[in-house]
Every structure is written in structure tokens, then in C-alpha cells.
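J.: Chain by chain, the residues:
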Amino acid sequence: MTNNVLIKNGRVIDPANNLDKTCDVLILEGRVAEVGKANPAAEKSVDRVIDASGKLVAPGLIDIHVHFREPGDEEEETIASGSAAAVTAGFTSVVCMPNTNPTIENETDIEYVHRKGRQARKTHVYVMGAITKKREGIELAEMGMMAEAGARGFTDDGSGVQDPAVMLKALKYARMFDRVVAQHCQEDRIAGGGVMNSGYYSTILGLPGLDPLAEEAMLWRDIQLVRKTQVRYHAQHISTTGSVELIRQAKRDSLPVTCEVTPHHLLLTEECCSDYDTNYKVNPPLRAQKDVEALKEAIVDGLVDALVTDHAPHLQSEKELEFLSAPFGIAGLECALGLYIKALIEPKLLDWLGLIRLMTVNPAGIIGIDKGTLSQGRQGDVTIIDPEAEWEIDVQKFVSKSRNCPYHGWKVKGKVEKTIVGGEVRFETQKEGVVV
Amino acid sequence: MNRILNIVERHTHHKSGGRHGTGMAIMRKGKQFRWQRKDLIGLRDLTAEEIIHILDTARGFEQISTRSVKKAPPLRGKVVVNLFFEDSTRTRNSFALAASRLSADVIEFTKKSSAVSKGETLLDTARNLEAMGIDIVVIRHSAAGAPMFLARSIKACVVNAGDGSCEHPTQALLDVYTIRQMKGSLEGLKIAIVGDIAHSRVARSDMWAMTKLGAEVTFVGPPTLMPGNLDQLPVNVSYSLDEVIDKVDVVNMLRIQFERLGGNPFPSIREYSRYFGLTVERMRRAKSDIVVMHPGPINRGLEMESEVADGSNSVILQQVTNGLAVRMAVLFLVNQAAAEVST
Chain W
0 MTNNVLIKNG RVIDPANNLD KTCDVLILEG RVAEVGKANP AAEKSVDRVI
50 DASGKLVAPG LIDIHVHFRE PGDEEEETIA SGSAAAVTAG FTSVVCMPNT
100 NPTIENETDI EYVHRKGRQA RKTHVYVMGA ITKKREGIEL AEMGMMAEAG
150 ARGFTDDGSG VQDPAVMLKA LKYARMFDRV VAQHCQEDRI AGGGVMNSGY
200 YSTILGLPGL DPLAEEAMLW RDIQLVRKTQ VRYHAQHIST TGSVELIRQA
250 KRDSLPVTCE VTPHHLLLTE ECCSDYDTNY KVNPPLRAQK DVEALKEAIV
300 DGLVDALVTD HAPHLQSEKE LEFLSAPFGI AGLECALGLY IKALIEPKLL
350 DWLGLIRLMT VNPAGIIGID KGTLSQGRQG DVTIIDPEAE WEIDVQKFVS
400 KSRNCPYHGW KVKGKVEKTI VGGEVRFETQ KEGVVV
Chain V
0 MNRILNIVER HTHHKSGGRH GTGMAIMRKG KQFRWQRKDL IGLRDLTAEE
50 IIHILDTARG FEQISTRSVK KAPPLRGKVV VNLFFEDSTR TRNSFALAAS
100 RLSADVIEFT KKSSAVSKGE TLLDTARNLE AMGIDIVVIR HSAAGAPMFL
150 ARSIKACVVN AGDGSCEHPT QALLDVYTIR QMKGSLEGLK IAIVGDIAHS
200 RVARSDMWAM TKLGAEVTFV GPPTLMPGNL DQLPVNVSYS LDEVIDKVDV
250 VNMLRIQFER LGGNPFPSIR EYSRYFGLTV ERMRRAKSDI VVMHPGPINR
300 GLEMESEVAD GSNSVILQQV TNGLAVRMAV LFLVNQAAAE VST
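Chains as they are written, first to last, in numbering that gives the first Met the number 0: chain W, 0 to 435; chain V, 0 to 342.
Read the hints as simulated data drawn from the structure, not as lab findings. Keep in mind it's a predicted model, so treat the numbers as computed, not measured. Even for Gly, the Cβ is constructed at its ideal location relative to N, Cα and C. Wrong hints could be hidden among the right ones.
[What the hints assert, rightly or not] Simulated pairs of lysine-lysine, DSSO-like, Cα-Cα distance not exceeding 27 angstroms: (1) V:K110 x V:K154; (2) W:K132 x W:K227; (3) W:K36 x W:K7; (4) W:K318 x V:K110; (5) V:K154 x W:K318; (6) V:K189 x V:K286.
[Stated by the list, open to error] These stretches of chain V come out as covered by chain W in the derived footprint (C-beta under 8 angstroms, 3 or more residues): (7) 144-150; (8) 215-229.
Could you put together the complete structure from these sequences and hints?
T.: Take a look at the structure:
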């Protein structure tokens, strides 16, 4: 057993306890036993001592929005390959979206994902269930039984629940159990057949546009429903200036509303679509520079609750199509941390406590799991990060099955060195070229 | 009420082309111009000089069609593929005829759809054609960007014959060619493009070509058929044909593309023609020498009344004739550029 670990001399960042100081973290029997100056005797009692000098020691990172494509599209990703990719990127917990084939919509489906996650033995694998059967937006799925089976929330992600009466019903029904109802905000009748942000670039490229209003109209509607029902609601991957303002107002009104932002909406704009490169085709689409600025400002203002990758793997053959026909999605799990650092730490918008908070304790709170901190007694999920290590993103080295990633060739700073799940080192970098 | 919304400062929009106009010929004498593109994807990226070069080259090909032996040898031994994923009669035949007048072999490849679920992907189709040793692909596709995608993927020359709502470069080239025939130059001309701007690749290509050659372009149509962010483009916008018709030197009436429209952008055909149809009555208020154009095929009685389509100001058939010369020029030039690259 290696579930007894002592991590020495790292800069421990634990936002839940507002802790940012150099000390030790002792994990015994898979749980956090102590954070502070470890007793010299502890070194003898553990299976492994890790010297984390010069490194950051954070609670295991949590990504509450990934697509692992299982069941149904295992050629793109599986729960095993996806969670293997996640653990190399420092994630110890992930939440799979239910838009698989078939849809995750009952307790058996939930248990299936959990079982595959346990078998993979990489990260903790959680899952959200669909709000409606087959994500058709018509009849409620068995939310109660899914919650009982451990679903961390509900969403029809990939599309939004179009009918306001159905959404109202879902929110009301969710009062029976403490689970978040999450929404991919997109009013389809406004969205039309849009494939990129509507604006100057969609006009000159002759591509049908996705109007920011499609996102904002549904978010506005949902906020009114939440005002009435007071049920916990989470707006997934918000991308526009207007959405930021809606969230700002909802939080000002103390509504139980949270939201998340992806790295691509912080780093890329609609202009990237100029060459019809389908690796930039994503939904919600890449927006204008002003939207990027608004999202960053929202993060600085504390309006954003979680950073998520919306890891959406696709086969190369699917992406090698006309922009109009190619599927939406970016496989960004494995470069997430480096991208967040580039978008938020390097321009000094957030400090480490701020960034790690959005990747650990906050998302844990949204999905209601007892993780994301190094408080005593919590599960020993730890991510050790070398904040200075520079590296180049190379999609050919991805552990994920897919390569649809527009960041290929980008140089980023900040690399995950070790990922520890329940006191077990599940990932560590190989020391290439280092003479031991 | 003045409905012209965006009077854009025109000079700022001529970064790439510059306002060459009449100075062009002199400039070109000093520095020998060489066409270097092996593909013609769109006019957005072309300079005024490049556009003029195509038009001048076309002029040289014009007389081939009037000779008793309607053939010249420049593409002898070359294979041109007409790769049409969308219906077309005039453009496809025009390209086929242009290629055969230049002595190329022409393969017709017509396919309804390219969606992956319905069979071979565009990339696979292209690779197969490439394996057959073709030299030039003329592509029409319902997906914007398909020609650029193709050009990136294969070595053969790619000529865009219309991609989705993006560009239709040879149509715009024949439009400006025809205008030059009628008016000498585009410098300072006022041109209205009327109809479904949002879905029109002709409107976009016309906009690039005409403004680069110094004309002032106004898009006219209902707001529901206007694309977004036109204030960032070198055009004026008007929702009233009546306010524009007496001021313009050229009017290009776009076809209402019923196959592309979704969700009733205007209440009825009757209401559309009332506001945007080119009627005999509107023609009375136009300049006497106004040039009336249409990319075809015409919905008679909708975009324009038959009397106008067949009237003395109409150059619609002349456009078709010129299309042949322009397409010969384009095929000739891309082939020449490819030959230069390979030697």
C-alpha cells in the first residue's frame, strides 16, 4: 500500500482554509492527517516521502464538465482513457456529461459510469444525469433515482431545455433532493443553424452565426425560474458579455446561481475561425475580444464559480470536414492548467489561491462533494504542480484518444508533477534526461 | 427619412488594394506584374491589381468565342474537374465551356451532398481526384470554406465556383468586367446590390471586387436579410430601394434564394416585390444610363419585372457572355501559376 504519503516542503495552497504557506502534508490511510510541520517520526511511518520544494501542493483539481463519450462513442474517448488523460493533467475528480449514446438518464446508467470509473482507477469519476429523457426536453428523466445512485446534478448539456414549462418543472422537482440543475444555455430558435459567433467574421466567412442572444435569452429565462423556485442552478460554459451581466445581477439578488467558464473562451476569439479550421469550432462558439475581457473581469470580480474544460473529444476524421458539417468541441483536458495560468495568473488577474479555488473547493461545492480541500480527515487528493516548468503542448503526446485541440504548439508554463488520489500516486512525470 | 445607415469612411477600407483606378496601367508598365496564385478562393484577399490583371487577361480571351474555331491551346493536356456539390447550370456549363475552349479535358463530378453520413467525405473525394492526376478543381459547395479546405488538402489548383454564403469570385469578376465594358471604370461609381444580402455569396464577392476597384457599394434589402456587423465592412446599407434607385449608376438585383431562406424573413413575396422589386415604375426614376444586372436565374416578376429584365438597360445576357472570358482567364492564370511553382 502506498496510501501513506508525506509531502514535504511544498508551497501548500488550500483556498478552503485560506492557506498559502510552505509546509508539509501528511496523508495516512488515504486521508489528510496533517498540514503543517510534520513530526520527523512521520517520515518513517509512511510508504513514501515526496520532496515538493519549489512546488505547489494543492488539493486535487476538479473538472465538473467533461465528455468521456462512454457509452456510445468509445472510439473518441472512454471513461478509462479520459480519466487517464485527466489524471496526467492534475485532476483527481471529473464530472462526465450525460449526452452519451444512449443518454445517461436512469440509475443503471449512473452506476455504469461509476463502475467504469472505479475500474479505470485514475480519478474519481462522477456524472450528471439528463434532465429530460433522451435529452429531448419533453419528459423529465428519473432524477430522483439518479440522485440516489449518486448523480451529482442534472443537465441536458449539448443543448438547453427549450420549453420553459419543462425547465420550471425540472427545477421544482429538484427540490426533493439537494442537487444542482445545470444548463447549456442556448435558445435553439434564435441559434438557428449557427456554427460560429455571429458578427463580423461570420459575415465575411459566410457562415451561419450563433447570436450571443441565444445564450443570454435562455440564461435570462432560467434566472427568472430560479427566482421563483429558489433551486440551485448552474449556468454551464457562459461565453458572452451579456451572460456575465445576467450572472452579476442574479448574484446581487442572492439567487442560488453559479456559473463556469472554459479556457478557450478566455484565450481564443471568433477570429480564430478565419481559416475554417474546425478545431476552433466549439459550442458556445468563440466570441469577440470584448466577451473575453468581460469573462476575465467576471473572474476577477468573483462572479465565476468554476473553471471547466468542457473536454469534448472527436475523431480526426470527424473534424476533417467542412466547417459547417464538423462537430463542435475542443479536447483541452490535458493542457487546462497551463492555459489557465496563461489566461489568469500571468496577467496577474488571479493569484494562486484564487485560481486553485476555482479548480477545487468551488466546483466541489457546486456538485456537493466533500472534496477540494486539504482539511484534516478529507480524502487525500493532492496535485503537485511545478509552476515554473515551461512546456510545449503536443497533441501527439495526449493520453486522450482524441487530438482535436487548437493549442498544439503553444508554449505554456506550469506543469503537473504528481497527482495523488486517496493517498495513491496515480500520476507522476518521468524525469526525462535527468541523471539520478 | 434618410435610411442610409452607415456611411463608412471609404479610404480606410482600401488597405490591401489601394485606390488604383486609372493609375494602374502606368504603374504596371513600370513593374512587370506576375500572377502568383495557384488557387482562386475569394476576392477578399486579392489586391486591386490582381483583379485588374484577371480582367485584362479576360479581354484577351474574349475574341476566341467569336472565331469560327472556338479553341485555343493553353490548357492542352490538362484535366479540369467540375466538382459541383450544389445545383448549377450556368456556372457549371460556363466553366466547362471555358475549360474546353482552352483545350483542357473536363470531368463532370456532380454530387448532392458531402455530409459524412451520406458517404465519402470531401477530403476523400479530393484525394481520389488527386490520385487521378487532375490539374484544376472547380468546386461549388454549400458549405462556406470548402474551397479553402480543399486547397489546403490537395496540390491541384482550386477555383471557387461558389461556397455557401461566402464567395462566388468568378461571378463578381464577370460583374465588374461587364461594368467596365459599360462604364469604362468603376472608380467613383455608385452601385446598389439589392436583395438577400445575408445569404448571398455574390453580394460578398461583389462588395470586395467593386470597392477595391473604387466603387461605392450600397447593400439594399430588408433588415432580416442583412448579415451582422456591416458597419465594419466597406459598404453602405439601406432598407429602401426607392431612396437609392435615383442615385446609382449600377443596380445588381440578387435572386431570392428560396432554398436558403429559413423562417420567413419577409411576410410575402408580394410585399417583398413592392419594396425591393425593380419595376418599370422604379426604372423611370433611375438614371437613364443605369446598368441593370442580375446573376441569374431570374425570378421574373419578383426581383424585377420582365420589361426591365429584357429592357435596354439590362446587361444580363452580356454578363453570361463575359462569364466565359473571365473563367477562361482564371483557369489560364491559376494553371500558369501552378506551372511556375512546379518548375
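J.: With reference to the structure, classify each hint as holding or not holding.
T.: Going through the hints against the structure:
Proposed proximity of K110 of chain V and K154 of chain V is supported: the alpha carbons are some 22 angstroms apart, at most 27 angstroms. For the given pair, K132 of chain W sits about 24 angstroms from K227 of chain W by alpha-carbon distance, which is consistent with the 27 angstroms threshold. Between K36 of chain W and K7 of chain W the alpha-carbon distance is near 9 angstroms, which keeps this suggested pair within the 27 angstroms criterion. Straight-line distance between C-alpha atoms of K318 of chain W and K110 of chain V comes to about 21 angstroms, which keeps the hinted pair within the 27 angstroms bound.
At roughly 21 angstroms between alpha-carbon atoms, K154 of chain V and K318 of chain W fall within 27 angstroms of each other, so this suggested pair holds. Using a Cα cut-off of 27 angstroms, the hinted pair K189 of chain V and K286 of chain V holds, with the two alpha carbons roughly 11 angstroms apart. Restraint check on the stretch 144-150 of chain V versus chain W: 4 residues with Cβ-Cβ distances below 8 angstroms, three needed, restraint holds. Given a C-beta distance limit of less than 8 angstroms, the hint that chain W covers the stretch 215-229 of chain V holds, as 4 residues qualify and 3 suffice.
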